[in-house]
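Protein chains in written order, with the working numbering: chain A, 8 to 231; chain B, 8 to 231.
A couple of the hints might just be wrong.
One copy or any two copies: either way a pair holds, since identical chains are not told apart in the list.
Quick list of in silico lysine-lysine cross-link-like pairs, BS3-like style, CA-CA up to 25 Å [stated by the list, open to error]: (1) LYS24 <-> LYS96; (2) LYS24 <-> LYS158; (3) LYS142 <-> LYS158; (4) LYS183 <-> LYS125; (5) LYS142 <-> LYS96.
Worth flagging that the hints you see were computed from the coordinates, not collected in a lab.
There are 2 protein chains.
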Amino acid sequence: MDGHIYKSFDRELHDLKESLLYVGSRVERSIASAITALEQRDTALAAQVINDDDMIDAKEVEIDEFCLRLLALRQPAARDLRFITTAIKINYDLERIGDMAVNICERVEELIREPQLKPYITLPQMATTVQLMLKESLNAFVNEDPALARKVIEDDTKVDNFLDQIFHELLAHMMKDLSTTSRAIRLLFISKYLERIADHAVNIAELVIFMVEGTIVRHRKQSS
Amino acid sequence: MDGHIYKSFDRELHDLKESLLYVGSRVERSIASAITALEQRDTALAAQVINDDDMIDAKEVEIDEFCLRLLALRQPAARDLRFITTAIKINYDLERIGDMAVNICERVEELIREPQLKPYITLPQMATTVQLMLKESLNAFVNEDPALARKVIEDDTKVDNFLDQIFHELLAHMMKDLSTTSRAIRLLFISKYLERIADHAVNIAELVIFMVEGTIVRHRKQSS
Numbered sequence: 008m009d010g011h012i013y014k015s016f017d018r019e020l021h022d023l024k025e026s027l028l029y030v031g032s033r034v035e036r037s038i039a040s041a042i043t044a045l046e047q048r049d050t051a052l053a054a055q056v057i058n059d060d061d062m063i064d065a066k067e068v069e070i071d072e073f074c075l076r077l078l079a080l081r082q083p084a085a086r087d088l089r090f091i092t093t094a095i096k097i098n099y100d101l102e103r104i105g106d107m108a109v110n111i112c113e114r115v116e117e118l119i120r121e122p123q124l125k126p127y128i129t130l131p132q133m134a135t136t137v138q139l140m141l142k143e144s145l146n147a148f149v150n151e152d153p154a155l156a157r158k159v160i161e162d163d164t165k166v167d168n169f170l171d172q173i174f175h176e177l178l179a180h181m182m183k184d185l186s187t188t189s190r191a192i193r194l195l196f197i198s199k200y201l202e203r204i205a206d207h208a209v210n211i212a213e214l215v216i217f218m219v220e221g222t223i224v225r226h227r228k229q230s231s
Numbered sequence: 008m009d010g011h012i013y014k015s016f017d018r019e020l021h022d023l024k025e026s027l028l029y030v031g032s033r034v035e036r037s038i039a040s041a042i043t044a045l046e047q048r049d050t051a052l053a054a055q056v057i058n059d060d061d062m063i064d065a066k067e068v069e070i071d072e073f074c075l076r077l078l079a080l081r082q083p084a085a086r087d088l089r090f091i092t093t094a095i096k097i098n099y100d101l102e103r104i105g106d107m108a109v110n111i112c113e114r115v116e117e118l119i120r121e122p123q124l125k126p127y128i129t130l131p132q133m134a135t136t137v138q139l140m141l142k143e144s145l146n147a148f149v150n151e152d153p154a155l156a157r158k159v160i161e162d163d164t165k166v167d168n169f170l171d172q173i174f175h176e177l178l179a180h181m182m183k184d185l186s187t188t189s190r191a192i193r194l195l196f197i198s199k200y201l202e203r204i205a206d207h208a209v210n211i212a213e214l215v216i217f218m219v220e221g222t223i224v225r226h227r228k229q230s231s
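Excised from the complex, chain A in its bound form:
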């Protein structure tokens, strides 16, 4: 992605895909590490995710600049134009997802200061689902695969169900023992951050379907 003008345009588009997949994999790793930090009460790992976000942000700015250069120098026609502008939006989504991983780690740092409320079972499952949705939404983009994009959108009901389940589990804890409330609410926030990551994956999937088929998909959540 060094943007030498003598590269072929196809090669540049290929580089753009690779770069987005690379940032996507970094962001996925941040989510995974954030949940590991929660489970293992690992302050250093949480701090590392927060630190790494600057590197991810820098990479995203680089991708954005690369897209602008492609638009300016290559003046692409309809199909490539839509591909590049979609890449700009997906890159913007990835930046926000990175921020969510940071937010999770901030809550983890707070949670570690108190005894663990409960064993974490549903949250890691929810995180695994969300990571898969993110990975598949990016694969749907680079392979221009609307079927895979539709799978991502369907998987969002799993996330809603996880959220409901976590919500009720935490409510039960609060009901039984009021002293758990602030920890329960922090865990609830973490599940909401995961839900937002899933929302971004769904956004990406919708962009892919629109890019390939020109069909607008508007997914409306009915979450608790």
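Mind docking chain B on chain A? Use the hints.
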């Protein structure tokens, strides 16, 4: 914004600004109506906001298409290119803000089915602040005004303070009477949706500063 090719490019950029401001004002109105629906327990108004979102979405797709046409037909140079790609991202933020107003109304519809937990004082104040941030972020964009954008970013601490205050008020209610928990959590979610709208306004402000000055502003939240 009918995109006739005989229009001047300046005129088209002007139309683009007007369209974004129009969608922005519609979205602001949705936020205001959502909070009015909460305060006045007005199911019909909540339903109307949810319905109106389709219209807002359609307008956003139109703006997106218009930006693509400008990129394809006008092949703008550096400055205008950055303006248009920034408009694409802001338009994307506005769509998400519209979704948040819908989410608020869904929680309002649930809240109306139960007695009102408490008089709402802080939430409407928070909503007013958030609406102003949105309006000013869009004005900062159309007027290319980084000083106003910086004010928006600074105002975000007010939103964090409102969120903290609401969080503690609701926690106190839950502690006193466990039967209020589900209502308190719905209100907490509404305050989180408002926080997310503020985040989008901050995103827009950051985009404006980057567009005008080329400076990357990364705002990291420390919210509860």
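Go through the copies and call it for LYS183 and LYS125: within, between, both or neither, with a Cα cutoff of 25 Å. both (13 Å within a copy, 23 Å between copies)
Measure nothing new, just compare the shortest in-copy and cross-copy C-alpha distances for LYS142 and LYS96 to 25 Å and report within, between, both or neither. both (16 Å within a copy, 22 Å between copies)
Could you figure out if LYS142 and LYS158 sit no more than 25 Å apart (CA to CA) within one copy, between two copies, both or neither? Close inside one copy (12 Å), not across copies (37 Å); limit 25 Å.
Checking an output row: LYS24 and LYS96, CA cutoff 25 Å. Within, between, both or neither? both (13 Å within a copy, 19 Å between copies)
If the cut is 25 Å between Cα atoms, do LYS24 and LYS158 qualify within a copy, between copies, both or neither? Within one copy only: 21 Å inside a chain, 36 Å across chains, cut-off 25 Å.
Violated hints for the displayed structure: none, as all numbered hints are satisfied.
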